[in-house]
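Place chain L on chain H using the hints.
Chain order of the listed sequences is H and L.
End of the first sequence sits at 391 in my numbering; the numbers just go up one at a time, nothing left out.
End of the second sequence sits at 391 in my numbering; the numbers just go up one at a time, nothing left out.
To be clear, the hints were calculated from the coordinates, so they are not data collected in a lab.
All figures in this text were calculated on a predicted structure; none of them were measured in a lab.
Just to be clear, a hint being listed does not mean it is correct.
Capping the alpha-carbon separation at 27 angstroms, the derived lysine-lysine pairs in DSS-like fashion look like this [said to hold, decoys possible]:
1. Lys28/H x Lys87/H
2. Lys229/L x Lys229/H
3. Lys28/L x Lys87/L
4. Lys232/H x Lys232/L
5. Lys344/L x Lys255/H
6. Lys232/H x Lys229/L
7. Lys355/H x Lys105/H
8. Lys105/H x Lys324/H
9. Lys229/H x Lys232/L
10. Lys261/H x Lys232/H
11. Lys344/H x Lys324/H
12. Lys105/L x Lys87/L
13. Lys344/L x Lys324/L
14. Lys28/L x Lys105/L
15. Lys87/H x Lys232/H
16. Lys255/L x Lys344/H
17. Lys87/L x Lys232/L
18. Lys355/L x Lys105/L
Stretch-level coverage of chain H by chain L, calculated; a stretch enters the list once three of its residues show a Cβ under 8 angstroms from a Cβ in chain L [stated by the list, open to error]:
19. 194-201
20. 208-215
21. 228-242
22. 248-254
23. 264-274
24. 299-311
Note that the Cβ used here is the ideal one computed from N, Cα and C, for glycine as well.
Take a look at the letters that make up each chain.
There are 2 protein chains.
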Amino acid sequence: MSSVYPADSVGLVSPKVAHFTQPLRLACGRTLDQYELTYETYGELNATASNAVLICHALSGTHHAAGYHHADDRKPGWWDSCIGPGKPIDTNKFFVVSPNNLGGCHGSTGPSSRNPKTDRIYGADFPVVTVEDWVHSQARLADLLGIEQWAAVVGGSLGGMQALQWTISYPDRVRHCISIAVAPRLSAQNIAFNEVARQAILTDPDFYAGHFVEEGKIPKRGLMLARMVGHITYLSDDSMGEKFGRELKTDRLNYDFHSVEFQVESYLRYQGEQFSNSFDANTYLLMTKALDYFDPAAEHAGDLTATFACAKANFYIISFTTDWRFSPARSKEIVDALMDAKKNVSYLEIDAPQGHDAFLIPIPRYLQAFSGYMNRISL
Amino acid sequence: MSSVYPADSVGLVSPKVAHFTQPLRLACGRTLDQYELTYETYGELNATASNAVLICHALSGTHHAAGYHHADDRKPGWWDSCIGPGKPIDTNKFFVVSPNNLGGCHGSTGPSSRNPKTDRIYGADFPVVTVEDWVHSQARLADLLGIEQWAAVVGGSLGGMQALQWTISYPDRVRHCISIAVAPRLSAQNIAFNEVARQAILTDPDFYAGHFVEEGKIPKRGLMLARMVGHITYLSDDSMGEKFGRELKTDRLNYDFHSVEFQVESYLRYQGEQFSNSFDANTYLLMTKALDYFDPAAEHAGDLTATFACAKANFYIISFTTDWRFSPARSKEIVDALMDAKKNVSYLEIDAPQGHDAFLIPIPRYLQAFSGYMNRISL
Numbered sequence: 013m014s015s016v017y018p019a020d021s022v023g024l025v026s027p028k029v030a031h032f033t034q035p036l037r038l039a040c041g042r043t044l045d046q047y048e049l050t051y052e053t054y055g056e057l058n059a060t061a062s063n064a065v066l067i068c069h070a071l072s073g074t075h076h077a078a079g080y081h082h083a084d085d086r087k088p089g090w091w092d093s094c095i096g097p098g099k100p101i102d103t104n105k106f107f108v109v110s111p112n113n114l115g116g117c118h119g120s121t122g123p124s125s126r127n128p129k130t131d132r133i134y135g136a137d138f139p140v141v142t143v144e145d146w147v148h149s150q151a152r153l154a155d156l157l158g159i160e161q162w163a164a165v166v167g168g169s170l171g172g173m174q175a176l177q178w179t180i181s182y183p184d185r186v187r188h189c190i191s192i193a194v195a196p197r198l199s200a201q202n203i204a205f206n207e208v209a210r211q212a213i214l215t216d217p218d219f220y221a222g223h224f225v226e227e228g229k230i231p232k233r234g235l236m237l238a239r240m241v242g243h244i245t246y247l248s249d250d251s252m253g254e255k256f257g258r259e260l261k262t263d264r265l266n267y268d269f270h271s272v273e274f275q276v277e278s279y280l281r282y283q284g285e286q287f288s289n290s291f292d293a294n295t296y297l298l299m300t301k302a303l304d305y306f307d308p309a310a311e312h313a314g315d316l317t318a319t320f321a322c323a324k325a326n327f328y329i330i331s332f333t334t335d336w337r338f339s340p341a342r343s344k345e346i347v348d349a350l351m352d353a354k355k356n357v358s359y360l361e362i363d364a365p366q367g368h369d370a371f372l373i374p375i376p377r378y379l380q381a382f383s384g385y386m387n388r389i390s391l
Numbered sequence: 013m014s015s016v017y018p019a020d021s022v023g024l025v026s027p028k029v030a031h032f033t034q035p036l037r038l039a040c041g042r043t044l045d046q047y048e049l050t051y052e053t054y055g056e057l058n059a060t061a062s063n064a065v066l067i068c069h070a071l072s073g074t075h076h077a078a079g080y081h082h083a084d085d086r087k088p089g090w091w092d093s094c095i096g097p098g099k100p101i102d103t104n105k106f107f108v109v110s111p112n113n114l115g116g117c118h119g120s121t122g123p124s125s126r127n128p129k130t131d132r133i134y135g136a137d138f139p140v141v142t143v144e145d146w147v148h149s150q151a152r153l154a155d156l157l158g159i160e161q162w163a164a165v166v167g168g169s170l171g172g173m174q175a176l177q178w179t180i181s182y183p184d185r186v187r188h189c190i191s192i193a194v195a196p197r198l199s200a201q202n203i204a205f206n207e208v209a210r211q212a213i214l215t216d217p218d219f220y221a222g223h224f225v226e227e228g229k230i231p232k233r234g235l236m237l238a239r240m241v242g243h244i245t246y247l248s249d250d251s252m253g254e255k256f257g258r259e260l261k262t263d264r265l266n267y268d269f270h271s272v273e274f275q276v277e278s279y280l281r282y283q284g285e286q287f288s289n290s291f292d293a294n295t296y297l298l299m300t301k302a303l304d305y306f307d308p309a310a311e312h313a314g315d316l317t318a319t320f321a322c323a324k325a326n327f328y329i330i331s332f333t334t335d336w337r338f339s340p341a342r343s344k345e346i347v348d349a350l351m352d353a354k355k356n357v358s359y360l361e362i363d364a365p366q367g368h369d370a371f372l373i374p375i376p377r378y379l380q381a382f383s384g385y386m387n388r389i390s391l
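Just chain H, same shape as in the assembly (with noise of 0.2 angstroms):
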């Protein structure tokens, strides 16, 4: 099979299953008895175990980080473009672990999942669960691999704050911690914005309070408008004009309300109705909870140099420059309070034009340093 994959593709690659039956505490205070992470490999683990590298995803990600599922797939996995043979997570050097995150909709224990207890599906009865939450699931599967100490936890996003909580969770597992498009905690207007896609969600008449899959409904209308809005956040101001500007869909003015008349309106659309055929809306309400609910600094007064204090990972800070939903600056107050703490850190600002979404395209600049990094980790 492999002539048909690019020399840097992982390839074909299949997901795996990992059960678990020792019961989970989580932030909330309900335990999970038992769950189930979907994960994928890439890479081998060498005898030493000293060349894994954890893969943590954003809000919409999945397990499937790179290659491909079918000889048939258009696409391959959602981060392609940084892992795989030569990449910057280069899979000939690292064994690359990618989980969906607990809660998820991708195979991993969520709320479209049955309950075992009552046969029915979670639904809304699933737990809100954290990133931390999500830190010490990941840490069971690396118990489970065999794996005692990641040479690199990485994210970006909602990624990124995993790869940061595991270095204050589990600081001597985790050497290097590259935290990309990140900030130590949302602001007012980062919440609101997840607020008004909950809201769209939580309002539909499809919801039925979170028990739709039992009802044979689904939510669309309020996944449509909670993406669409969240689309508009992920792209920079810059990028999207230049990627529509005003140009209209068709040569002239339907003066209506249901045309499609710019192309940016068609974009999100369809944006909007494509993920709300394939994400579950429970998963996305528990996702943005969990971008809200990060603050590890809280447990310090909001001291983030002393949240910081117990964490011996190296850290590697990247941000891009028109990425106004993490925007630099925050994540400079995170290299601010490492420095502050003496760790040893350090930082990237990419000018890019994409928004936040930067951080999963290939950037030349960003794939270069990003690989410069990855290839100095002593195994």
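The following block gives chain L in isolation, referenced to the frame of chain H:
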């Protein structure tokens, strides 16, 4: 009554209604055979009718710009900070006219009015009106009031677009154009936010394809979401941060989706709910379309300088540093074009943390400069 109102208030005011029977041909190609404009006036028209100022309102504005309708009103009109005796638009000097826009929902003929031809509520059958249409309807109101030329046409945001359009559509009828927190056309991002608001309304099952009044329904969910997303764009990230930060509504996290967790969520939901009780959904759609469509340079192949070639007014353009909806850079596009076109233009950028909403807020430097300009207008 005057004793109950501040000395710089216009005091008790009453709306007036002007009925027009001369058909108005609209940009969309349709014609309104008859329509009403509800408006307020403050101050006295002088003998030569040389002291008239037109106030143009923004998306959710009304004709009630200053003073009080009832002695027990808790709040004055929406621009009371700028209109009154001794205020920037000084009613001791000027005769101020403030209409509700055609298509509005506060008294002027709009989607919630009865169509005299069918005796049914217009609803979705009301034509889509544009900034140009508004200017033409306002010109009829000027005719009715015996105002050949406005001393000034003034507005912020969508109102500022009307002020600009006046100088293009009726160059001989405007001496001064004061356009505040404005852009010469929407960006793709601006349109994208409007599209989210529209989709929220259009997909609300209580919208009934725009005929919800006849069904005895209100698409409150959609209106609430539209207002919430709009509201985020009216405030700056910083002002939201200062106002709400990450302050919790109660002192602990609830770990559910429906509780109000952070103060900013509470504020947004309240704003959205209030709005959904008082604003017409079709008018909201119409206003967002008027914003999207505004592009006076389109008729000149995008050349804004050529667009303003015919203008005879003096221009005063004001922007606010943290306005990210219509940033100072967008105002400067207008200023540059006006300078290229050899027009008389003054530009003021106010250092203000409040974002787009700053134009409504009594910021001392803003009021002072605005007063200075208005005081220099000769009658």
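A quick look at each hint next to the structure:
1. Proximity of Lys28/H to Lys87/H is assessed by CA-CA distance (about 20 angstroms); at most 27 angstroms being required, the pair is judged to hold.
2. For the suggested pair Lys229/L and Lys229/H, the alpha carbons sit about 23 angstroms apart, so the restraint of at most 27 angstroms is met.
3. At roughly 20 angstroms between alpha-carbon atoms, Lys28/L and Lys87/L fall within 27 angstroms of each other, so this suggested pair holds.
4. A distance of roughly 18 angstroms separates the Cα atoms of Lys232/H and Lys232/L; the hinted pair therefore holds under the 27 angstroms criterion.
5. Distance restraint check for Lys344/L and Lys255/H: the Cα-Cα separation of roughly 23 angstroms lies within the 27 angstroms cut-off, and the hinted pair is therefore satisfied.
6. Taken as a hint, the Lys232/H and Lys229/L pair is honoured in the structure, with Cα atoms around 22 angstroms apart against an allowance of 27 angstroms.
7. Of the supplied pair hints, the one linking Lys355/H and Lys105/H holds, its CA atoms being roughly 26 angstroms apart against a limit of 27 angstroms.
8. In summary, the hint linking Lys105/H to Lys324/H is supported, as the alpha carbons are separated by about 23 angstroms, within the 27 angstroms threshold.
9. Of the pairs offered as hints, the one joining Lys229/H and Lys232/L holds, with about 22 angstroms between alpha carbons and a cut-off of 27 angstroms not exceeded.
10. Only pairs whose Cα atoms come within 27 angstroms are accepted, and Lys261/H paired with Lys232/H is accepted, the gap being roughly 24 angstroms.
11. Among the hinted pairs, Lys344/H with Lys324/H is consistent with the structure: their alpha-carbon atoms are about 19 angstroms apart, no more than 27 angstroms.
12. Under the criterion of a C-alpha separation no larger than 27 angstroms, the hint pairing Lys105/L with Lys87/L is consistent with the structure, at around 24 angstroms.
13. A distance of roughly 19 angstroms separates the Cα atoms of Lys344/L and Lys324/L; the hinted pair therefore holds under the 27 angstroms criterion.
14. A C-alpha spacing of about 21 angstroms is found between Lys28/L and Lys105/L, which places the hinted pair at or below 27 angstroms, so the restraint holds.
15. For the proposed pair Lys87/H and Lys232/H, the alpha carbon gap of about 24 angstroms is at most 27 angstroms, so the pair holds.
16. Distance check on the hinted pair: Lys255/L and Lys344/H sit about 23 angstroms apart at the alpha-carbon level, within 27 angstroms; holds.
17. For the suggested pair Lys87/L and Lys232/L, the alpha carbons sit about 24 angstroms apart, so the restraint of at most 27 angstroms is met.
18. With a C-alpha separation of about 26 angstroms, the suggested pairing of Lys355/L with Lys105/L holds against the 27 angstroms cut-off.
19. Given a C-beta distance limit of less than 8 angstroms, the hint that chain L covers the segment 194-201 of chain H holds, as 5 residues qualify and 3 suffice.
20. Counting residues of the segment 208-215 of chain H whose CB lies closer than 8 angstroms to any CB of chain L gives 6, so the stated coverage by that chain holds, three being the minimum.
21. With 5 residues having a beta carbon nearer than 8 angstroms to a beta carbon of chain L, the segment 228-242 of chain H meets the requirement of three or more and the stated coverage holds.
22. Requiring three or more residues with a Cβ within less than 8 angstroms of a Cβ of chain L, the coverage given for the segment 248-254 of chain H holds, as 3 such residues are present.
23. A count of 7 residues in the segment 264-274 of chain H with a Cβ less than 8 angstroms from any Cβ of chain L is obtained; the coverage claim is therefore met, three being the minimum.
24. For a cut-off of 8 angstroms, the count of residues in the segment 299-311 of chain H with a CB near a CB of chain L stands at 4, and the three-residue condition holds.
The structure is consistent with each of the numbered hints, conforming to all of them.
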